[in-house]
Amino acid sequence: MMRRNVALFILTLLYFTIERCLNCANFNLTTRCYTKVRNNVYRLYATKTTFTENQLNLGDKIELDYHRLKELKDWKPIMLYVVARHAIRFPDREDIEEMSQYLPQIRDEILKNRGELCDDDVKAFENWRFQMTPDDDNNVCERGREETILTAFNLRKIFKKLLNPREAKISIGVTEKTRTSQTADTFITGLRLYDKVKNIIDSDDSSEESSDKAWRKHSHWMPKKEAKDILRFHAKCKKVYKQNGGKLEKPKAVIELRNSDLVSSLGKRVKERLGIATAGKNLSDYQFVEVIAKACRFEYACQVDTPWCSAFGEPELKVLEYIEDLEDFLDDAYGRKLNGDMACPLVKDLTTKLRNAAMSNSKRQSFLYFTHAGALKRFYTTLHLFADNDMLVDKSPENGYCSRENRKWRSSLNAPFGANFVIALYEKKKSRKSRQKEHIVVAFVNGKSEIIRKCSSKFCPLEEFLSKFADSENCDLNQICKPNIHNTNNTESSVPIEDNM
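Quick note, the sequence shown lines up with residues -21 to -1, 1 to 480 if you use mature numbering (1 follows the signal peptide of the UniProt record, and there is no 0).
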């Protein structure tokens, strides 16, 4: 009797598990006319998510978390440290050439067969032309500049003195890649425009003459940008790893997911929706879907609108987001211990600057660094942010997707275009008569407050914060990034492929 009850329980549990998986990835649920609902569709595209969409999804959490800074009215902000991803960029040259090769022939077959598309969606494909050229390769697009200016405005509004060049010494760090320098220039422009706009709003005389006078006070401020190796530590680590015989491999779970029945079903559904039978026939299901997904993500990000997003319903987009999340997590974050170790140059720079600022009586300082998603994701790993042990558990592709709907690692929320990690250092005297001061740090990711390495509070005492990073003092990438050739565990023995983020 007991055995029969146990067997019945297991079968019941298995039934509901299978049913849940079938429902959570049911690609037949979505029937819609994309053109009519395009302003209200799923837009979380992992690392290709715009910062605007990121902020819309974080919503009230941002306002509430920044509002908490008002609790620090007795504290004085003395240092700001920002590590930001570059703004929205065009695809790289290889992706642009791939899209220019396949998209026109796919579009032609869509117009011939129509699939399940409504008349408005078909018309959108009739009017579509591929506008990107190989020379756009990785450059920041106009919408990226617009978002960056808005980010600069918002941060300047919150950290008024720390981002005011008259009140603080502001240092700018970039990588050797053009897109980080373009983002930095635009951010600087945003800080300068903030003064102009604020002066116009605050001025009793809002005439053109008075606004121009206010603008001239700051119009020539252009801090020097410095290329910093610490912002491309992951590129150096890859180089060291390869020079010492390391082999680059994708995690097994990612390969299995790309080749799974789940992705095959997704590809089949997309082809049915678009009416595709022959175009892109030499591509695998995953490659076919990826070509169209790239067009959807990048054209939406840079051009605001695109017919290619009509290929996907929300269930398909969530699967594509999960595929990228799993790859990011295993390739660039917690899947390899090396990812957390290699970020030590940046962590050491942060802790050194915090320590120096706390000991100094000099002018307020702000450090604004512009880097790439690859660096930011590994930096999060070192800080123990967005860790999720369940993402390390070996599961079937279908079960993995269905059971991780509430996963902690979401690249759409932590590493979109324009993502920013912000740490502010505050100080106050221990008492009115005392010369001694106490310090706290507050951390934010895209405006949402975060606790670093299980600190005792979101207002983390500086000494406690620094004590958690003693392991970053000895930081030699030439040693850290040597492959452990005797370790056959793929998650430890291979280094992440340097992503083009």
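Take the hints with a grain of salt, since some may be wrong.
Stated by the list, open to error - Listed below are the simulated DSS-like cross-link pairs for lysine-lysine, each with C-alpha atoms no more than 30 Å apart in a straight line:
#: 1; residue 1: K316; residue 2: K427
#: 2; residue 1: K408; residue 2: K427
#: 3; residue 1: K433; residue 2: K408
As the list claims (entries may be wrong) - Beta-carbon label-pair distances, calculated as ranges:
#: 4; residue 1: N5; residue 2: K342; range: 56 to 62 Å
#: 5; residue 1: N18; residue 2: F132; range: 22 to 28 Å
#: 6; residue 1: S436; residue 2: K229; range: 50 to 56 Å
Worth flagging that the hints you see were computed from the coordinates, not collected in a lab.
From the three backbone atoms N, C-alpha and C, an ideal C-beta is built for every residue, glycine too.
Status of the hints after comparison with the structure:
A distance of roughly 26 Å separates the Cα atoms of K316 and K427; the hinted pair therefore holds under the 30 Å criterion. Simply put, K408 and K427 have alpha-carbon atoms about 28 Å apart, close enough for the 30 Å limit, and the pair holds. In summary, the hint linking K433 to K408 is supported, as the alpha carbons are separated by about 26 Å, within the 30 Å threshold. Between N5 and K342 the Cβ separation comes to about 59 Å, which falls inside the hinted range of 56 to 62 Å.
Restraint check, N18 to F132: a C-beta distance of roughly 24 Å satisfies the suggested window 22 to 28 Å. For the pair S436 and K229, the beta carbons lie near 39 Å from each other, so the given range of 50 to 56 Å is not met.
In terms of the numbered hints stated before, the structure departs from hint 6 and from no other.
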